[in-house]
Amino acid sequence: MTPRRALARWWVQGFPKKLGAVAQTRVFAAPGSASPTLAAGSLFGASLSAAGRLLAEARVTLRQPASDPGGLLRPTVNLRHFPRLAVGEYDKPAVHELVMAEFLDQRLADVWTGSAELGLFAAPGEELADLAPVRTGTGFRASMSYTVTGVRRLEA
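Numbering (our numbering), first residue to last: 26 to 181.
Accuracy of the hints is not assured; some may be wrong.
To be verified - DEER-style ranges, computed between Cβ atoms:
hint	residue 1	residue 2	range
1	Leu32	Ser72	17 to 23 Å
2	Ala119	Phe53	43 to 49 Å
3	Asp93	Ala119	22 to 28 Å
4	Ser170	Gly70	54 to 60 Å
5	Ser170	Ala65	52 to 58 Å
6	Thr174	Gly57	22 to 28 Å
7	Gly66	Ala33	39 to 45 Å
8	Arg160	Val112	28 to 34 Å
9	Lys117	Gly57	24 to 30 Å
10	Leu68	Ala33	34 to 40 Å
11	Leu179	Glu114	33 to 39 Å
12	Asp93	Ala55	27 to 33 Å
13	Glu142	Ala111	23 to 29 Å
14	Trp35	Leu133	30 to 36 Å
Stated by the list, open to error - Computed cross-link-like contacts, DMTMM-like style, restricted to lysine to aspartate or glutamate with a CA-CA straight-line distance of at most 20 Å:
hint	residue 1	residue 2
15	Lys42	Glu180
16	Lys42	Glu122
17	Lys42	Asp93
18	Lys43	Glu180
19	Lys42	Glu114
20	Lys42	Asp155
21	Lys43	Glu151
22	Lys42	Glu82
23	Lys43	Asp155
24	Lys43	Glu82
No wet-lab data here; the hints were simulated from the structure. Even glycine gets a Cβ: it sits at the ideal position worked out from N, Cα and C.
Given only the sequences and the hints, what does the whole structure look like? Please build it.
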(Lines of atoms letter the chains of each structure in order from A and count residues from 1; the text may use other names and numbers.)
(Lines give C-alpha, C1' and ligand atoms only; values in the text may rest on other atoms or scores of the structure.)
Protein backbone atom coordinates (compact mmCIF):
# COMPACT_ATOMS: atom_id res chain seq x y z
CA MET A 1 0.00 0.00 0.00
CA THR A 2 1.33 3.43 -0.91
CA PRO A 3 1.92 5.97 1.88
CA ARG A 4 -0.71 8.34 0.44
CA ARG A 5 -3.31 5.59 0.25
CA ALA A 6 -2.56 4.57 3.83
CA LEU A 7 -2.81 8.22 4.87
CA ALA A 8 -6.30 8.55 3.35
CA ARG A 9 -7.45 5.28 4.94
CA TRP A 10 -6.29 6.38 8.40
CA TRP A 11 -7.99 9.78 8.03
CA VAL A 12 -11.28 8.01 7.29
CA GLN A 13 -10.76 5.79 10.36
CA GLY A 14 -10.08 8.86 12.52
CA PHE A 15 -6.42 8.17 13.30
CA PRO A 16 -4.31 11.33 13.39
CA LYS A 17 -1.93 10.89 10.49
CA LYS A 18 0.36 12.94 8.30
CA LEU A 19 3.27 12.27 6.02
CA GLY A 20 6.46 11.97 8.01
CA ALA A 21 9.21 9.61 9.05
CA VAL A 22 9.60 7.31 12.04
CA ALA A 23 12.90 5.73 13.04
CA GLN A 24 12.94 3.12 15.79
CA THR A 25 15.18 0.51 17.34
CA ARG A 26 14.19 -3.00 16.28
CA VAL A 27 15.10 -6.47 17.45
CA PHE A 28 16.21 -8.91 14.75
CA ALA A 29 15.84 -12.68 14.87
CA ALA A 30 19.59 -13.13 14.39
CA PRO A 31 21.27 -11.71 17.50
CA GLY A 32 24.37 -9.61 17.01
CA SER A 33 25.98 -6.27 17.69
CA ALA A 34 23.53 -4.52 15.31
CA SER A 35 20.51 -5.69 17.27
CA PRO A 36 19.67 -5.04 20.92
CA THR A 37 18.33 -7.94 22.93
CA LEU A 38 15.17 -8.16 24.96
CA ALA A 39 16.97 -8.04 28.28
CA ALA A 40 17.28 -5.79 31.30
CA GLY A 41 19.40 -2.75 30.50
CA SER A 42 18.76 -2.73 26.74
CA LEU A 43 17.95 0.70 25.31
CA PHE A 44 15.25 1.24 22.67
CA GLY A 45 14.63 4.58 21.02
CA ALA A 46 12.43 6.20 18.41
CA SER A 47 12.11 9.54 16.68
CA LEU A 48 9.38 11.23 14.65
CA SER A 49 9.84 13.94 12.04
CA ALA A 50 7.63 15.69 9.50
CA ALA A 51 8.64 18.16 6.80
CA GLY A 52 12.26 17.73 7.88
CA ARG A 53 11.56 18.86 11.47
CA LEU A 54 12.16 16.69 14.53
CA LEU A 55 8.86 16.50 16.43
CA ALA A 56 9.42 13.76 19.03
CA GLU A 57 12.04 11.50 20.57
CA ALA A 58 11.43 8.62 22.97
CA ARG A 59 13.69 6.20 24.84
CA VAL A 60 12.97 3.18 27.03
CA THR A 61 15.61 1.35 29.05
CA LEU A 62 14.25 -2.14 29.65
CA ARG A 63 13.88 -3.30 33.23
CA GLN A 64 11.69 -6.43 33.15
CA PRO A 65 9.01 -8.29 31.18
CA ALA A 66 5.54 -6.82 31.77
CA SER A 67 3.57 -8.84 34.32
CA ASP A 68 0.19 -7.85 32.85
CA PRO A 69 0.38 -6.15 29.43
CA GLY A 70 -3.41 -6.22 28.97
CA GLY A 71 -3.66 -2.51 29.70
CA LEU A 72 -1.94 -1.81 26.38
CA LEU A 73 -4.96 -3.30 24.57
CA ARG A 74 -7.45 -0.71 25.79
CA PRO A 75 -9.97 0.81 23.35
CA THR A 76 -8.74 3.36 20.83
CA VAL A 77 -10.89 6.48 20.48
CA ASN A 78 -10.22 8.91 17.63
CA LEU A 79 -11.69 12.12 16.25
CA ARG A 80 -12.90 12.03 12.64
CA HIS A 81 -12.88 15.61 11.35
CA PHE A 82 -13.42 16.73 7.77
CA PRO A 83 -13.74 20.49 7.33
CA ARG A 84 -16.27 22.08 5.03
CA LEU A 85 -14.49 24.18 2.41
CA ALA A 86 -17.42 26.38 1.38
CA VAL A 87 -17.02 30.09 2.05
CA GLY A 88 -18.81 31.05 5.27
CA GLU A 89 -19.07 27.43 6.46
CA TYR A 90 -15.53 26.77 7.67
CA ASP A 91 -16.80 26.48 11.26
CA LYS A 92 -19.36 23.80 10.30
CA PRO A 93 -17.37 20.65 9.51
CA ALA A 94 -18.87 18.03 7.21
CA VAL A 95 -17.80 15.38 9.75
CA HIS A 96 -16.84 15.94 13.40
CA GLU A 97 -17.34 12.85 15.56
CA LEU A 98 -15.66 10.63 18.13
CA VAL A 99 -15.25 7.04 16.98
CA MET A 100 -13.90 3.88 18.56
CA ALA A 101 -11.76 1.63 16.39
CA GLU A 102 -12.92 -1.97 16.05
CA PHE A 103 -10.00 -4.38 15.91
CA LEU A 104 -9.65 -7.96 14.69
CA ASP A 105 -6.94 -10.31 15.90
CA GLN A 106 -5.19 -7.78 18.15
CA ARG A 107 -1.94 -9.29 19.48
CA LEU A 108 0.91 -8.26 21.78
CA ALA A 109 4.22 -10.09 22.17
CA ASP A 110 7.49 -9.58 24.03
CA VAL A 111 6.19 -6.75 26.24
CA TRP A 112 8.82 -5.19 28.50
CA THR A 113 8.66 -2.23 30.88
CA GLY A 114 11.34 0.19 31.97
CA SER A 115 12.32 3.77 32.59
CA ALA A 116 11.28 6.19 29.86
CA GLU A 117 12.06 9.59 28.40
CA LEU A 118 9.81 11.51 25.99
CA GLY A 119 10.55 14.80 24.29
CA LEU A 120 8.10 16.74 22.09
CA PHE A 121 9.64 19.62 20.17
CA ALA A 122 8.33 22.89 18.77
CA ALA A 123 8.21 23.26 15.00
CA PRO A 124 6.50 25.79 12.74
CA GLY A 125 2.87 24.85 12.06
CA GLU A 126 2.89 21.98 14.56
CA GLU A 127 0.94 21.66 17.83
CA LEU A 128 2.51 18.50 19.25
CA ALA A 129 4.91 20.35 21.58
CA ASP A 130 1.88 21.84 23.37
CA LEU A 131 1.19 18.30 24.67
CA ALA A 132 4.66 17.82 26.17
CA PRO A 133 4.53 15.72 29.35
CA VAL A 134 5.10 17.24 32.77
CA ARG A 135 6.67 13.94 33.84
CA THR A 136 7.25 10.55 32.27
CA GLY A 137 6.25 7.31 33.97
CA THR A 138 6.94 3.74 32.95
CA GLY A 139 7.78 3.05 29.32
CA PHE A 140 6.90 -0.01 27.27
CA ARG A 141 8.51 -1.90 24.41
CA ALA A 142 6.39 -4.48 22.58
CA SER A 143 5.55 -6.06 19.27
CA MET A 144 1.94 -5.49 18.25
CA SER A 145 -0.34 -6.36 15.36
CA TYR A 146 -4.01 -5.79 14.58
CA THR A 147 -6.47 -5.19 11.77
CA VAL A 148 -8.95 -2.31 11.91
CA THR A 149 -12.29 -3.70 10.71
CA GLY A 150 -14.34 -0.56 11.23
CA VAL A 151 -15.17 2.32 13.52
CA ARG A 152 -18.14 2.77 15.82
CA ARG A 153 -19.51 6.28 16.34
CA LEU A 154 -19.64 7.29 20.01
CA GLU A 155 -22.75 9.19 21.03
CA ALA A 156 -22.57 12.01 23.57
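Just pull the numbers of the violated hints for me, sorted ascending.
-> 3, 4, 5, 6, 8, 9, 11, 13, 14, 15, 17, 18, 19
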